[in-house]
Amino acid sequence: MNQPENKAGLERRAAMAALLANRKDDLLVIPGLGSTCWDLAAAGDNDRNFYLWGAMGGAAMIGLGLALAQPDKRVLVVTGDGEMLMGMGALATIAVKRPSNLAVVVFDNGHYGETGMQPSHTNHGGVDLLGVARSCGIGICLDVTDADSLVDLVARLKAPIGTLFARVSIAIADPPRVLPERDGAVLKARFRAAIGV
Amino acid sequence: MNAPTAIFDWPSSLYNTLKRAGIRQVGYVPDAGHAQLIDRCRTDPDIHDVVLTTEEEGVALAAGAWLGGQRAVLLMQSSGVGNCINMLSLARSCRFPLLMMITMRGEWEEFNPWQQPMGSIVEPVLKLCDAEIYRATKPEEVEGLAERAVQHVFGDERIAALLLSQQLIGKKVWTK
Numbered sequence: 085m086n087q088p089e090n091k092a093g094l095e096r097r098a099a100m101a102a103l104l105a106n107r108k109d110d111l112l113v114i115p116g117l118g119s120t121c122w123d124l125a126a127a128g129d130n131d132r133n134f135y136l137w138g139a140m141g142g143a144a145m146i147g148l149g150l151a152l153a154q155p156d157k158r159v160l161v162v163t164g165d166g167e168m169l170m171g172m173g174a175l176a177t178i179a180v181k182r183p184s185n186l187a188v189v190v191f192d193n194g195h196y197g198e199t200g201m202q203p204s205h206t207n208h209g210g211v212d213l214l215g216v217a218r219s220c221g222i223g224i225c226l227d228v229t230d231a232d233s234l235v236d237l238v239a240r241l242k243a244p245i246g247t248l249f250a251r252v253s254i255a256i257a258d259p260p261r262v263l264p265e266r267d268g269a270v271l272k273a274r275f276r277a278a279i280g281v
Numbered sequence: 168m169n170a171p172t173a174i175f176d177w178p179s180s181l182y183n184t185l186k187r188a189g190i191r192q193v194g195y196v197p198d199a200g201h202a203q204l205i206d207r208c209r210t211d212p213d214i215h216d217v218v219l220t221t222e223e224e225g226v227a228l229a230a231g232a233w234l235g236g237q238r239a240v241l242l243m244q245s246s247g248v249g250n251c252i253n254m255l256s257l258a259r260s261c262r263f264p265l266l267m268m269i270t271m272r273g274e275w276e277e278f279n280p281w282q283q284p285m286g287s288i289v290e291p292v293l294k295l296c297d298a299e300i301y302r303a304t305k306p307e308e309v310e311g312l313a314e315r316a317v318q319h320v321f322g323d324e325r326i327a328a329l330l331l332s333q334q335l336i337g338k339k340v341w342t343k
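So the protein sequences, as listed, match chains R and B. According to my numbering, the first sequence is numbered sequentially starting from 85. According to my numbering, the second sequence is numbered sequentially starting from 168.
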């Protein structure tokens with residue numbers, strides 16, 4: 085049973101900008117590789133972003149290690165449906181630890197955007213990532229499908245009370261790439277310096 | 168249980184080394200050879216024990232830990248090394264410190280032939296990934312080699328693997 089093509093959904097760059105509006109220094113952001121990485125760069129460079137140019141399937145787990153190490157800061161992972169699908173076991177691992185300062189937000193457009201917009205499992209086979217996160221035991225699971233629910237997500241990110249997972253329905257689009265720094269050692273060093281470790 | 172007689176308690180040596188090194192996060196896929204060390208870590212309030220669904224998660228976990236200023240270790244069995252290969256690019260591209268402690272299978276009195284293919288290529292594969300290899304075959308050399316691996320990893324943000332030979336673990340008993 086296939087779900088219909090994901091034609092509706094929020095515009096990705098605006099959604100990222102909303103998540104990061106009035107950003108404070110205690111917010112640390114890990115994007116997945118590809119589109120969410122360009123979205124994060126487009127929202128404005130920040131030393132507290134750790135851009136990924138690879139490590140597909142690893143974004144949420146980097147977020148977990150960081151969240152455990154920095155319990156007084158908030159960690160926001162924003163990744164795509166394809167990247168999350170590759171590392172879906174991370175949702176089980178995160179649900180066991182449940183750090184209250186970790187949020188994993190999936191920009192779900194139902195497609196592998198970087199490779200030619202092939203339909204992903206969330207589209208083709210109808211995999212419900214929100215249902216996966218919920219059944220893993222992640223406490224707060226939000227389905228963001230419109231402007232109002234995005235406002236709700238933004239509010240919850242500002243006052244974290246538990247591990248959060250959100251699926252954001254994203255419209256199919258291919259906005260211009262905004263490429264951040266790609267030297268991993270530089271990104272690592274500047275991130276650590278920014279938070280003083 | 169099939170643990171060898173603990174004349175020399177090398178898992179405790181490893182635990183003590185991890186504590187001296189200031190390790191705060193321990194990622195692991197459950198493994199009989201690491202069972203004692205995993206138990207020690209799980210009951211240590213200063214250690215975040217993170218049970219993984221696959222070993223590559225641990226490579227990413229360790230990277231996140233280091234971004235946040237904590238040291239991590241990844242415990243796994245030799246079969247797990249294959250699961251890590253692409254994620255090791257993260258450590259290499261960013262020069263993240265990565266400490267792996269790997270119990271070996273498929274190399275000594277192994278009953279299960281399916282362990283041999285991955286076990287036999289652990290060393291060359293890890294070397295191709297820029298990991299420094301330390302191999303312990305006798306209980307009394309485990310701690311010294313672990314200390315050297317720690318120094319290699321955190322002294323200079325590099326990758327090292329301590330291979331714990333199957334002689335240390337003892338053979339798995341299949342009859343009940």
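There may be inaccurate statements among the hints.
No farther apart than 27 angstroms at their CA atoms in a straight line, the calculated lysine-lysine pairs in the BS3-like style are these [stated by the list, open to error]:
{"id": "1", "chain 1": "B", "residue 1": "K186", "chain 2": "R", "residue 2": "K181"}
{"id": "2", "chain 1": "B", "residue 1": "K305", "chain 2": "R", "residue 2": "K272"}
{"id": "3", "chain 1": "R", "residue 1": "K242", "chain 2": "R", "residue 2": "K181"}
{"id": "4", "chain 1": "B", "residue 1": "K186", "chain 2": "B", "residue 2": "K305"}
{"id": "5", "chain 1": "R", "residue 1": "K157", "chain 2": "B", "residue 2": "K305"}
{"id": "6", "chain 1": "R", "residue 1": "K242", "chain 2": "R", "residue 2": "K272"}
{"id": "7", "chain 1": "B", "residue 1": "K294", "chain 2": "R", "residue 2": "K272"}
{"id": "8", "chain 1": "R", "residue 1": "K181", "chain 2": "R", "residue 2": "K157"}
Derived by calculation from the structure, the hints in this document are not laboratory data.
Status of each hint after checking the structure:
{"no.": "1", "hint": "K186(B) with K181(R)", "verdict": "21 angstroms, holds"}
{"no.": "2", "hint": "K305(B) with K272(R)", "verdict": "37 angstroms, violated"}
{"no.": "3", "hint": "K242(R) with K181(R)", "verdict": "21 angstroms, holds"}
{"no.": "4", "hint": "K186(B) with K305(B)", "verdict": "22 angstroms, holds"}
{"no.": "5", "hint": "K157(R) with K305(B)", "verdict": "44 angstroms, violated"}
{"no.": "6", "hint": "K242(R) with K272(R)", "verdict": "25 angstroms, holds"}
{"no.": "7", "hint": "K294(B) with K272(R)", "verdict": "23 angstroms, holds"}
{"no.": "8", "hint": "K181(R) with K157(R)", "verdict": "16 angstroms, holds"}
Hint compliance for this structure: hints 2 and 5 are not met, and every other hint is.
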